[in-house]
Amino acid sequence: QKEVEQDPGPLSVPEGAIVSLNCTYSNSAFQYFMWYRQYSRKGPELLMYTYSSGNKEDGRFTAQVDKSSKYISLFIRDSQPSDSATYLCAMTVIQGAQKLVFGQGTRLTINP
Amino acid sequence: GAVVSQHPSRVICKSGTSVKIECRSLDFQATTMFWYRQFPKKSLMLMATSNEGSKATYEQGVEKDKFLINHASLTLSTLTVTSAHPEDSSFYICSALLAGPVRLAETQYFGPGTRLLVL
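Listed in order, the protein sequences are those of chains A and B. All residue numbers for the first sequence refer to the working numbering, where the first residue is 1322 and numbers rise by one. All residue numbers for the second sequence refer to the working numbering, where the first residue is 3 and numbers rise by one.
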């Protein structure tokens, strides 16, 4: 069983839709959770990070963590064609370790 | 914001040759840099952790003699793929961790990646 599971998609939605991206994990020691956006042939770019269960909002993006279920989500509101990219969840055990474990990534396309 | 560069962005080489990839933190110091490998439609797999002035720590299954890592300064780490073979073809991405009294997970900044094709 992989430590982090993420549906690779592809996921295609119309512009303006709400997008939900999800990851599950098996290691209960994971404490820090991040979402990265990766455009084709580029490096990952940090979108959101959170250390605790609950919701964290930043503009059109909301990160949600449920540690009891070992489940994290990223919601994108009012999706734009420029949001089309691969979204990777990542997590780490302790703050100082910095060894990130990534999900497979979900390829998202927003259709105009 | 913190910028990490990689050079070259793309390289094609013949089987058996060695290829060096550079990773630089342009506007910050990084005591720790990471090297990842990414196959098409797959996630990033950590290859090694590189600390300035010391030997790199390799993940299980990564050949340290094949993937030589040097972190000679606070802004530069290099990955050399020695005697490259077609199966080494991949997208190599580095990241740099902002140096400071508290190392935060969110301050790991990624480079744009290097695409290696071994013929």
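These are computed hints drawn from the structure, not numbers from a lab. These numbers were taken from a predicted model, which means no experiment stands behind them. Cβ atoms here follow ideal geometry from the backbone N, Cα and C, with glycine treated the same way. One or more hints might be untrue.
Partial list, computed: chain B residues near chain A (C-beta under 7 Å) [to be verified]: (1) F41; (2) P42; (3) S45; (4) L46; (5) I95; (6) G113; (7) G115.
Derived pair list, reagent style EDC-like, types lysine to aspartate or glutamate, alpha-carbon separation capped at 16 Å [stated by the list, open to error]: (8) B:K68 x B:E89; (9) B:K16 x A:E1324; (10) B:K68 x B:D90; (11) B:K44 x B:D90; (12) A:K1363 x A:D1404; (13) A:K1420 x B:E89; (14) A:K1391 x A:E1324; (15) B:K22 x B:D90; (16) B:K44 x A:D1387; (17) B:K44 x A:D1328; (18) B:K57 x B:D67; (19) A:K1388 x A:E1324; (20) B:K43 x A:D1387; (21) B:K44 x A:E1326; (22) A:K1420 x A:E1324; (23) B:K16 x B:E61; (24) B:K66 x B:D29; (25) A:K1363 x A:E1378.
Facing chain B, according to a computed beta carbon distance under 7 Å, are these residues of chain A, among others [to be verified]: (26) Y1360; (27) K1363; (28) G1364; (29) G1426; (30) N1432; (31) P1433.
Structure-based check of all given hints:
1. F41: 11 Å, violated
2. P42: 11 Å, violated
3. S45: Constraint on B:S45 satisfied, holds at 4 Å.
4. L46: At about 5 Å, which falls below the 7 Å cut-off, the nearest Cβ of chain A leaves the hint on B:L46 intact, so it holds.
5. I95: At 5 Å from the nearest chain A Cβ, B:I95 passes the 7 Å test, so the hint holds.
6. G113: Since chain A brings a Cβ to about 5 Å from B:G113, closer than 7 Å, the hint holds.
7. G115: 5 Å, holds
8. B:K68 x B:E89: 12 Å, holds
9. B:K16 x A:E1324: 36 Å, violated
10. B:K68 x B:D90: Satisfied, since the Cα-Cα distance of roughly 10 Å is no more than 16 Å.
11. B:K44 x B:D90: 15 Å, holds
12. A:K1363 x A:D1404: Satisfied, since the Cα-Cα distance of roughly 14 Å is no more than 16 Å.
13. A:K1420 x B:E89: It is violated: about 25 Å lies between the C-alpha atoms, which goes past 16 Å.
14. A:K1391 x A:E1324: Distance ~11 Å between A:K1391 and A:E1324 Cα, so the pair holds.
15. B:K22 x B:D90: Distance ~13 Å between B:K22 and B:D90 Cα, so the pair holds.
16. B:K44 x A:D1387: 25 Å, violated
17. B:K44 x A:D1328: 11 Å, holds
18. B:K57 x B:D67: 12 Å, holds
19. A:K1388 x A:E1324: 14 Å, holds
20. B:K43 x A:D1387: 27 Å, violated
21. B:K44 x A:E1326: Between B:K44 and A:E1326 the Cα gap is close to 12 Å, so the pair holds against 16 Å.
22. A:K1420 x A:E1324: Holds: A:K1420 and A:E1324 sit about 13 Å apart, inside 16 Å.
23. B:K16 x B:E61: Cα-Cα ~26 Å, so violated.
24. B:K66 x B:D29: 29 Å, violated
25. A:K1363 x A:E1378: With a Cα-Cα distance of about 25 Å, the restraint between A:K1363 and A:E1378 is violated, given a limit of 16 Å.
26. Y1360: 10 Å, violated
27. K1363: Since the shortest Cβ distance to chain B is 5 Å, the answer is holds.
28. G1364: 4 Å, holds
29. G1426: 6 Å, holds
30. N1432: 20 Å, violated
31. P1433: 24 Å, violated
Violated hints, listed in ascending order, are 1, 2, 9, 13, 16, 20, 23, 24, 25, 26, 30, 31; each of the other numbered hints is respected by the structure.
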